[in-house]
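Using the sequences plus the hints, can you model the full thing?
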Amino acid sequence: MSTTLTARQLAALIHQPSIKGITLAVSQLIRESKLAAGTQLPAVRELAEALGVSPATVSAAWQHLRRQSVLAGKGRSGVWVCGNSVSARPVRFEKIGNYGKGIIADLTMASPDPQLLPDLEQALRMAVRVPELNSYRREPITPSLRAAIIPDWPVESEAFLATDGGFDAMYLALRSLISPGERVMIENPTATRLLDMLDYIGAEALPVPCDQEGPLPDAVAALLQQAPRAFIYQPRTHSASGHTVSRERSDSLSKVLADSKVLIIEDDGIGELSAHPVWSLGRYYPRRTVHVRSYSKAYGPDLRLAVVSGPLDLIEQLQSLRNFGASWTSRLLQEAVAWMIQDEGTRQSIQWARRIYAERRRALLSALAQRGLSLPDRDGLSLYVPVRSEQFAMITLAAHGIAAVPGERCSTGGEQFIRISTCRLDPKQVDHVADALMLACDLDTPMNGGDRAPDI
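FYI, in this note's numbering the residues of the sequence shown are 69 to 524.
Straight line, CA to CA, 20 Å or less: simulated SDA-like cross-link-like pairs of lysine to any residue:
id, residue 1, residue 2
1, K88, Q136
2, K102, L73
3, K329, S318
4, K323, P222
5, K102, Q77
6, K496, D181
7, K88, S137
8, K102, R134
9, K88, V121
10, K496, A426
11, K329, L292
12, K329, A273
13, K496, G469
14, K102, A75
15, K88, R99
16, K102, G89
17, K329, A290
18, K88, P123
19, K323, P277
20, K88, L119
21, K329, R297
22, K88, I269
23, K329, A289
24, K102, T72
25, K496, A435
26, K496, I171
27, K496, H468
28, K102, A140
29, K329, S247
30, K102, C150
In case anyone wonders, no lab produced these hints; they're calculated from the structure.
Here the structure is a predicted model, which is why all the values come from computation and not from measurement.
Listed below in structure tokens is the structure:
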């Protein structure tokens, strides 16, 4: 078909004028390439009139197709076909890592260095001793794992659930507890896949600006006027910016949230690799706080383990959704992590890894400072680097064989920046990366963060 389509033309191809009927008909047209990428679809009101339905019916169908990333646009700008693969997928996340063959330093994924992970051999040997091995009993969490995590858990919780990693836990929480159309306050920037998840479930993200101590209380207070369903934030070291929520900031946020009924979802993705404690808002609001801690980055990605805590009714909702699929997390993996948490050798290995990651991060910070760009030494496995233009920065870095993550992947707008993973940065490449970053930043004057990090 042509790149424009009238309401009458499209209505003639839709035989069941319902939300489901419109969605299925347009999906099939896109899949069969009868609606090519770039095709402008008619205005909602015009198509609704041609079909004899309400505009809300057409809008709901378009929302379903946006979640499948085949339609784009809204409002007065109209809606158009933007893809031909009708399936739900995390668009932001899938774009990370496709930088061609000329890359000599891939600094996109803030994933642990395999050489710095604890040895799993003894842990896996111990794991086969877990009671009820190979049972089909749906057990939320093994008694040994629960006993192992309790001493260091940041909040007293009524119920616990083991999941297949941190993002699995967050997906369960968002799918179970947030409905399409609901508003959700979330840090800006945030984890790429969290934005993909919110897009998929049809929630509206309300960005919360942050500084070096975390989400700004005044911004949260202002957004509460829009009646959000939930507040999602990272309560320890932030994956994109490296900021850490201080005890004072946690106390301030608790006061702002005191008179609301907002659900609080905490995503502790870096876990024990963080150099800081967790000041959970569950200390104040245990009945509406869901806390997620991932053990993947500290103990090993192939252990695929995280733990979620919260009030029993909310955790049961997550478990009910799990029952559509695997129902429980491998007892072998739970037992392995339980043993490692209590093993002194593993604790020393994690402390050593934390120190090495800090040294790698600081090596790049030092190299940048020597070249006139002073950035704050925060925490974590990556650097937040402000730039004048993300597009210019990405092209410049690629020309020097370096891949990074543009801020747009983990942001809903605001300051231009790139994220540089430092956790696997080769010491021999530090100077080359620093030289390229100076060109990529394209700043008129050197930044000097000093002891205070710039607001983000």
